[in-house]
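Q: Given next are the chains, with one letter for each unit.
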Amino acid sequence: MAADEYTWERFDRRRRLTRFVVFLVAAVTVVGSWQFMDIGVANPDTIPREIADLLTRMYPPDVAYTTQIVGPLIETIHIAALGTIGALVLSVPVALLAAENTTPNAATFWLGKLIVTVSRSVNTIIWALFFVVAFGSGPLAGAVAIAFRSVGFLGKLLGEEIEEIDFGQVEAVRASGASSIQILLYGVLPQIKPALVGLSIYRWDINIRDSTVLGFVGAGGIGVQLFRAVNAFAWQSVAMVLIVILGVVVVTESLSAYTRGLVR
Amino acid sequence: MATGERRWERPTVFPRREIKWAVYAGVVGFFLWSAWGVGADPARIVQGLGSLVSLIGDFLPPSATPRQGERILEKMLESVAMAMVSTVTGILLSIPIAFMAAENLSPKPLYALNRGFISVSRAFNAIIIAIIAVKAVGFGPLAGIITITFKTVGFFSKLLAEDLEDIDMGSVDAVRASGASPIQTLLYGVVPQIIPRFAGLSVYRWDINIRTSTIIGIVGAGGIGSVLLTAFNRYDYQYVTAILLAIIAVVLVAEGVSAVVRRRYQ
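Just so you know, the sequences run in chain order A and B. Using my numbering, you'd call the opening residue of the first sequence number 1 and step up by one each time. Using my numbering, you'd call the opening residue of the second sequence number 1 and step up by one each time.
These are calculated hints, taken from the structure and not from any lab test. Glycine included, each C-beta is placed from N, C-alpha and C at the ideal position. A portion of the hints provided could be inaccurate.
As the list claims (entries may be wrong) - Covered by chain A, per the in silico footprint, the following chain B stretches (three or more residues, Cβ under 8 Å): (1) 23-36; (2) 99-112; (3) 213-223.
Build the full structure now, drawing on both the sequences and the hints.
A: Structure below.
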C-alpha cells in the first residue's frame with residue numbers, strides 16, 4: 001500500500017487474487033464433480049417425497065420386535081468391549097515404536113508409523129471383510145476387526161502422549177538399575193496412565209458405534225438384524241432397531257464423557 | 001489426610017479402596033462375559049490368525065488387469081466427487097442448523113429440536129444411513145451424497161454451534177447498538193468471529209468425507225466400496241489389495257491436504 005493512502009483494506013491485492021482463485025477452483029471442482037457423477041437426478045423433487053414415504057412406513061416402530069434385538073445388541077456391546085481390550089494390548093507396543101523418544105531406531109520408528117497409518121486408513125468394515133474370511137462369519141471376526149482398526153487410533157495418540165513425558169523420571173528409574181521392562185513399568189507407564197484410560201474409554205465409545213454395522217458383512221452384532229429387516233422391507237422393525245441403537249449410543253456417549261471427566 | 005500423618009498415597013479417582021476393587025472386578029468380569037459371549041477361545045483365535053497368515057499369500061502381490069485398473073480409477077473419482085459435492089451441500093445445510101443449535105442465539109425449543117437432530121445424525125454410522133438412503137432413492141452416488149450430507153450436518157453443525165456459543169457477545173452487542181438489523185448483526189457481529197474456525201472445520205470434514213465415500217459403496221451407495229465388495233465376493237484377493245492400496249493412497253493425500261490447510265488457518 002502506498003504511504004500516502006490511508007484506506008484500510010483487509011487483504012492486499014495479491015491475497016485477494018489468491019483467495020479468488022482458490023474459490024474459483026473449488027467451485028469448478030464441485031460443479032465438475034456433480035456433472036461427472038451424472039447421477040440422473042431427473043426429478044430432484046421426488047427425493048423428499050421418497051424419504052417422507054419411508055418415514056411414514058417406519059411409524060409406528062414395532063415394539064414387539066424388541067425381544068429379538070436384545071441378543072444381537074448384547075453381542076454388539078461384547079464386540080466393542082473385546083475389540084477395545086484387544087486394541088489396547090496391541091497398541092502399547094505400537095505406541096512405544098511410534099514415539100520418537102522410546103523407539104529403538106529409525107527403522108522401528110517408521111514401522112510404528114506404518115502400522116498406525118494403515119490401521120487408520122482402512123475402515124472397520126473393510127477390516128471386518130478380511131477377518132470374516134479368516135475366522136468365518138460371526139462376532140469373533142468383528143471383535144478382531146474392531147481391534148485392528150483401533151490400534152492406529154490408540155497407537156497414534158498414545159505415541160504422542162509418550163513423546164510428551166518427562167524423560168527425567170525415566171532417567172531416574174534407569175539410574176537406579178532398572179531393566180528395560182521395569183523402566184517402562186515405573187518410568188513411562190505411570191506418566192501416560194491417565195491418557196491410556198481416557199483414550200481407551202473414548203475409543204470404546206467410538207467402537208460401540210462402529211460395531212453396529214459389522215453385521216452387514218457378516219461380522220455379528222445388531223447390524224445383522226438391521227440388514228435383515230431392511231431387506232425384508234420391515235420398516236417398522238427397522239425403526240425399532242434404529243431407536244435401540246440411538247439409545248445405546250447416547251448412553252455410551254454420556255458414560256464415556258463422565259468417566260473421561262473423572263480421569264482427566 | 002490427617003495432619004501429622006506423613007504417609008504418601010497414590011492419587012486416585014476412587015473415594016475408597018473397596019470401590020476401586022469392586023470397579024476393577026466388575027470390569028474384568030464384564031470382559032470375561034464378553035469373551036465367552038463372542039466365542040473368543042484362544043484356540044480359535046490362534047487357528048484364525050494361522051489361516052490369516054496362509055491367506056496373506058493370496059493377497060500378494062497386488063495386481064489388477066488394465067480394465068480393472070480403469071474401474072478402480074473411475075469408481076475412485078466417483079468417491080471423490082461424492083465427497084466434494086456432499087461437503088458443500090452438508091455445510092450449506094449446517095449453517096442454519098448451527099445457528100439454531102447455538103444456545104446464545106436461538107430460542108429454547110428451537111435449540112432443543114436442532115440439538116436432537118444433531119444427536120441423531122451423529123449416533124448412526126454412515127453405513128446405516130447409506131443403506132436406508134439406497135432403499136429410498138436407489139443404488140448409486142445419489143444415495144451416497146444424501147448419506148454423507150446427513151453425516152456432515154451432524155458433525156459440522158455441532159462443532160460450529162459450539163464455536164458460536166463461545167463468541168464474544170460484546171462485539172455483537174456493539175454492532176446491534178449501532179442500529180444494525182438482525183441480519184446485519186449476524187453478518188458483521190457474528191460471522192467475522194467464526195470465519196477462521198469455519199474454514200478449518202470445512203477442510204477437516206472434507207477429509208472425513210473422502211474416507212466415508214470410499215466405503216459406503218459396500219451397501220450400494222456409489223464409489224469404490226462397491227468394487228471392493230465385488231472383488232471380495234469373487235475371491236479375487238490380489239485385486240482387493242490393489243483397491244485397498246488405492247484407498248489408502250487417496251485417504252493419505254486427503255489427510256495431508258487437510259492438515260496443511262488447517263495449519264495455515266490456525
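Q: Count residues of the stretch 23-36 of chain B with a Cβ under 8 Å from any Cβ of chain A, then say if the count reaches three.
A: n = 5 at 8 Å, threshold three: holds.
Q: At least three residues with a C-beta closer than 8 Å to a C-beta of chain A: is that true for the stretch 213-223 of chain B?
A: holds (count 5)
Q: Can you tell me if the stretch 99-112 of chain B counts as covered by chain A, using C-beta to C-beta distances under 8 Å and a minimum of three residues?
A: violated (count 0)
In summary, the one numbered hint that this structure violates is 2.
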